[in-house]
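**Q** What follows is each chain in one-letter form.
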Amino acid sequence: MLFDKSENGEVLTLTLDKKLTAVTAGELEKDLIEKLAGVKSFTVDMSRLVYVSSAGLRVLLNAQKYMNKTNGSMIVKNAVPEVMKIFETTGFNEILNVKNS
Amino acid sequence: MKELTISAEIPNLDTVIEFVNEELEAHDCGPKVQMQIEVAVEEIFVNIAHYAYQPQIGTATVRVEVQPEPQAAVITFIDSGVPYDPLAKPDPDVTLSAEEREVGGLGIYMVKKSMDDVSYEYKDGKNIFTIKKKF
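Same order as they appear, the protein sequences are chains W and U. Just so we're aligned, residue 1 is where the first sequence starts under my numbering, counting upward by one. Just so we're aligned, residue 1 is where the second sequence starts under my numbering, counting upward by one.
Do not take every clue at face value.
[Claimed, not checked] Here are some, though not all, of the chain W residues that point toward chain U, as calculated from beta-carbon distances under 8 Å:
| no. | residue |
| --- | --- |
| 1 | V23 |
| 2 | T90 |
| 3 | G91 |
No wet-lab data here; the hints were simulated from the structure. All of these numbers come straight from a predicted model, not from anything done at the bench. From the three backbone atoms N, C-alpha and C, an ideal C-beta is built for every residue, glycine too.
Okay, chain U solo, but in the shape it has when bound (with noise of 0.2 Å):
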């Protein structure tokens, strides 16, 4: 298991990226899962740079677990800024026009719909958002 705490702001959203592809990358993740994680990956680190702790700035962790047999990726993002659970919030309606889209919620629905397992906890004054995708 490998684990990053990092100031929860857009521009370290890279270091993020990295720090989870060096992992996947050392158990052969295929590319086509990897960006599928990469993509939620960024999802959730950008909502909590976004919302955790404005308008201050805190920290977020990232830990990243590959499982074997079947191998599966578990990255676990915990922070400690006011509770908020995303997956509360209903879908958005992806059928609507241009006009009446709104893209709030879209980047959580991503995630829900391309991972294999999503779930939330709040504990000890922490966010605990955990996804997990097969390799």
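Chain W on its own, in the form it takes in the complex (with noise of 0.2 Å):
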């Protein structure tokens, strides 16, 4: 995973690659609570990521409620055919910002 920050730490973008799997999620989460800090417009690229699970699921709607509770914006973007399809069987392409292009 990738963190790309702005100057003036308004906006972050998350790129994820491969799995985003119990072990990985802990991960993220311990380093997305403090990148989040001050940030209004988030951006996680999934281009590269190729799996995830519920504890996966359950960091991106943390930081989704997060964005939501500060009135920041959060938008998911490339997110390949299968992360899509667990996104749709868990209700989370009504909940997240989902941006394919």
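Could you fit the two chains together into a complex? Lean on the hints.
**A** And the structure:
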């Protein structure tokens, strides 16, 4: 996973790769809480993510809740079909702002 | 049939996944089905790791069998922890908003939705959870 934060600290892009499992989601959650402080616009690029489990969904849900609470915005983009399928099964396509180009 | 008995702890997840994947790949399971099975295996193993023996640590046995015609993987998880039927829980409401949503129960819901068959029994002091997925 890779974080890219703008100089003023308001725009954050997170690029996920490979798998978001119970193991990697735990690592992400630790970093994310700190990185999201002060962020107004948060983008998650999933083009290189091939796998997400409920542990990963939980981290995404918490990030969305945090951005809602702080009146920021969150966009999830470039989810591959397998990941998109999991979003649809779990209703996360309605909770998250999923943009696929 | 292949079997792995391992300490039910989150850091062992990768070992369990590798063990299952090796067996699936040996039987030419397609990548899409393999990923669905992988998610299911993670959800079930993580459940056992979190709840079965808390606060102690115990073992989980994972058994993989590939049946012929139609080819299907049958994966069984056995632990000796507290009796717990994950299928008894009502499905989560997947139409709620982010604020109303709780992620509890989502993992097992994904398992139910993606597998062809799931079953649970408690026998001789053991939780036995089985999933089946056609290739």
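**Q** State for each hint whether it applies.
**A** Hint check results:
no. : hint : in the structure
1   : V23  : 6 Å, holds
2   : T90  : 6 Å, holds
3   : G91  : 3 Å, holds
When the structure is compared with the earlier hints, no violation turns up for any of them.
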